[in-house]
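Below, each chain spelled out in residue letters.
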Amino acid sequence: MWLGDSRRGKFASNVMGFGRMLRRAGIPVDSHRILSAQQALAHVDIGNRLQVQAALECTLVSRQQDLEVFRQLFDAFFKDPDLAQRLLTQLLPKTKSANQQVKRSPRAQEALRPIIRNQPEPSHKEDEIRMDAAMSASDRHRLLHADFEGLNASEFLLIEQLVREIPLQIPTIASRRYRPSNLKGSQLHWGKIMRNMARHSGEMVEIDWKSPSQQPLPLLILVDTSGSMQRYARLMLSFLHQATKTCRRQVFAFGTQLTDLNAAFKLHDTDSVLADINRQIPDFGGGTKISESLLTLRTKHRHAIVANRSVVLLITDGLDTGQPNDLERELGWLKRQARHLLWLNPLLRYDGYQPLASGARILSRHVDHMLAIHNLSHLQELARSLARLLYQVR
Amino acid sequence: MSGLTAGSSHAIEHLISQLASVGYHADRQLAVALHLSQVLGRPLLLEGEPGVGKTELAKAIAKLTGRELIRLQCYDGLELRDALYEWNYPAQLLHIRTCESAGHDILEQDLYERRFLIKKPLLQAIEASPPGVVLLIDEIDRSDEPFEAFLLEFLGEYQVTIPEIGTIKAMATPWTILTSNRTRDLNDAIKRRCLYHWLDYPDREREEQILQSQVPGLPEQLSKQITGFVQRLRQSEYAQSFSRSPGIAESVEWAKALVALDAINLDPETVQSTAGVMFKHREDIQALQPMLDELLSVQE
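Protein chains in written order, with our numbering: chain W, 1 to 394; chain G, 1 to 300.
Among the hints, a few may not be true.
Below, a sample of chain G positions facing chain W; criterion: calculated Cβ distance under 10 Å [what the hints assert, rightly or not]: (1) His10; (2) Val32; (3) Ala33; (4) Asp76; (5) Asp144; (6) Arg193.
These aren't lab readings, by the way, just hints derived from the structure by calculation.
Since the structure is predicted, the reported quantities are computational estimates derived from the model, not experimental observations.
Note that beta-carbon positions come from the ideal geometry of N, C-alpha and C, so glycine has one too.
Using the sequences and the hints given, assemble the complete structure.
Right, dumping it as structure tokens:
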């Protein structure tokens, strides 16, 4: 660094500073990108603000959703880097205070504590009579963050065990890609045959076959986290996170609005996933507006659903408080986009259940398969039902 | 340094006017991205809603540079043999049989001569002689991850290895344009190798220019009305009633349709009867009907 020498290095280090600021704002900028930004700047007029912005934009940003943040930070930074710095600290106020206290996951906590055998069973708690939102739905737009704890050790073990013992069979489709097959396949593997013939002076010694490989379909999971479903949400989300780890999945939670859980589900540790979900879902335990959530999915997260491919898994009790017409329209859209529309309904408490609520009626008309569960609080049953539901599609 | 920057400013302006001369009206930001992709030899990844002119841009570049346009249309399950090369098996088989009947020995290398090689788009693009070609890799989001991983290597080095022949390196770097409709998010690794540009719907003025240059015989009054109408449709309060807002391609088609019908003015009846050009879903056409009067009443 040549301090005070305006001919050298100053602009380059500014670009680096800018790149690092973008990174702190959550835009994935690595050193390779910063390098290409610097290269790009050598080819535009650096006296021209618009050209500089365009050059930085096409090298540093590669997602549409980052463009707005980029433009704001660009304006701020190249006017006054200090101001931008202050803006950025406002963006991230909470992380610092959270870092100060050591927070252990319940699993770690439990490992540290001597094991107390006679803890009350968690199911006893549910027998208490209190205001209960189950079996009812409200249209209030209640803003409430979930307060999940992490998983305790026994829950963690149970989930791991269930994932292992009841594997989800994701429906597959014959891909257009071919694999050599040992048995008689559907097409001749000419490449292999030719290579063998060349080796055996033109004699065809054996016939090699190939057949299309199977490819799992992408999964779109929509989980209801409204009042009537809230008590199941924690274990259900943990289980889904573990069980669908290997698939191409898109996960959203919905209540009165849609929340994108994909970032949270990318984390490996289930506890961090739960912590992240806590932070993200703003309408936990509120009302259910399926149609509005689907509208958001259609307009803002369109790319989450692969047309004619995605298997859509709806986990909701169908107690919708929106307009039936809207629900009809949005479900119609979803049905046309999805390869299979599956509905896991945890409302069923008795055997003679009929989907009578208007939301549930519309849902049952549109979905390809519906499966009802008696009691979602038993994780085993959830796992088994999910596996059964996905199996029906095959 | 100042000479270089003034030169690049000039080059960008020149690029805009050249593109306009072949009927593509680019804004300055896109021109900067294009200019950079040319001088840095990096692929340009264009993302945007369907029908905003991603594919057209590659065609326009090919036209103005006089280079050949090689297009690779991606789809799910696209394989190397469709994208890169394939051996001509029937010809090889024939060759073996001919050698046999003539009593020649068959050597393995004879079988893998270049005349038995069928070149697919990517190999064609690499083997082109200078100044190279314009390579359009269209709708890359439709291909699957394994193909994306292969492209990663291809776009990084511009060379391919064919086991029977060896490594072929590009004589001239193809000017590569990738397009994506964002039906899925692309891998970050491939984005890092590209320059990125989000193609938005054009502003009103630019859309009018496009209509004027693409649709011969379009009355000015009508072109103003069409752009005004389409621009309003894309505003969020209307857009969310439709599964997809009309892009530029749709407004151009619509203008052509209206010219063919000798329309001079937009009225509800004309719009309703030609709505199928803009919208391809029955639900969308139904949703348009109740808001027609409102949309047309703000017509200036």
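| With 10 Å as the cut and Cβ atoms as the points, is G/Asp76 at the interface with chain W? | Interface hint status for G/Asp76: holds (7 Å vs cutoff 10 Å).
| request: Let me know if the C-beta of G/Ala33 comes in closer than 10 Å to any C-beta of chain W, holds or violated. | output: holds (4 Å)
| query | Once the shortest beta carbon distance from G/Asp144 to chain W is found, is it less than 10 Å? | reply | holds (8 Å)
| G/Val32 as an interface hint toward chain W, with CB separation required under 10 Å | Check passed: Cβ of G/Val32 comes within 4 Å of chain W, closer than 10 Å.
| query | Is the shortest C-beta separation between G/Arg193 and chain W less than 10 Å? | reply | With Cβ-Cβ at 9 Å, under 10 Å, it holds.
| task | Double-check G/His10 for me: the hint is only fine if its C-beta lies closer than 10 Å to a C-beta in chain W. | result | holds (9 Å)
Checked against the numbered hints above, the structure breaks none of them.
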